[in-house]
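Chain by chain, the residues run as shown.
Number of protein chains: 2
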Amino acid sequence: MVILEGHVHYDAFGGFHHVYANDNALAALKAGKFYPKGSVFVFELYEAVKANNAISEGTRKVIGVMEKDPDRFSVTAGWGFEDFKEADPNQRSVTNMQEQCMSCHETQKSSDYVYSTYQE
Amino acid sequence: MVILEGHVHYDAFGGFHHVYANDNALAALKAGKFYPKGSVFVFELYEAVKANNAISEGTRKVIGVMEKDPDRFSVTAGWGFEDFKEADPNQRSVTNMQEQCMSCHETQKSSDYVYSTYQE
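Going line by line, the protein sequences match chains A and B.
Using this note's numbering, read the first sequence as starting at 129 and increasing by one per residue.
Using this note's numbering, read the second sequence as starting at 129 and increasing by one per residue.
Certain hints may be false.
Copies of one chain are not kept apart here, so a pair can be met inside one copy or by any two copies together.
[Unchecked claim] Cross-link-like lysine to aspartate or glutamate pairs, in silico, EDC-like; alpha carbons within 16 Å at most:
#: 1; residue 1: K178; residue 2: E133
#: 2; residue 1: K189; residue 2: D211
#: 3; residue 1: K237; residue 2: D211
#: 4; residue 1: K158; residue 2: E248
It is worth saying that the hints were derived from the structure and are not from the lab.
One chain only, chain A, in its complex shape (with noise of 0.2 Å):
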C-alpha cells in the first residue's frame, strides 16, 4: 500500500509498505490466529515520488519491525517493536514503545495489534 498526504500516519509512514512475515507470523496471518513467541514482521517503508500520473519508489526510509515474545514485552501485549532508520541505523527510535507504537497499534486488537492482512 501507499500512505498519501493527508493520512492520519502520513508523518511517520507516508509511502509505500512492504511487509514481510516469518514462517509463524505468516502461518497466524492466514489462519487468522493470535501470533505465536517468535512471530516477526519486518516492514520496509520507501519514500513515494510521483510524477507523470505515476507513483514510484524512491529511497528507503525506515525499516521497522514487531517481535512477539510475551516475556520480553508482556507490557505491550506481548509486542515488541523497533524502527531502523536508513539515515542512521544505529541509532534507537524506539524509546517507548507503549507510548508510540502501541497507542496507534492497540485499535488492532481484535487481530491481535496487526494492521495486515493477507491476500492470496
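We have chain A; now place chain B onto it with these hints.
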C-alpha cells in the same frame, strides 16, 4: 510503482506493479547489460484502490511475461510477450507482439527494451 489515471498506459497498466526476474534477467538488470537467452520477467498488476488518503492493492488483474529467446522471437528483438488475464488465464491476450507490446517497449531500446530498473 503505481500507474494512476491520466498516465499514458493507464488503460493497460493502471494499478500496482510487481516485477519479478529470474537469475539470468536479474544479473543483466543489475549489470545494466543486454539480456541473455532465457531471461524472464514476470509482472503482476493489481488494482489500485484509493480510500482515506491511502492506495491499497485490490484484485490482481493480469500476469505478464517477457522472455528473451532470439530464435523464437527474432521479429521482436528477441523478446516474447504474453499476458494472462485473471478473469480468463487460458485465453491468449497477445495476438500481435509487435503491435501490442513492442510498439511501446521499443522506446526502451537502450535498456534492451526493458522498462524496469534495479534499485538496491
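Unsatisfied constraints (hint numbers, rising): Checked against the structure, the only hint that fails is number 3, while the rest are satisfied.
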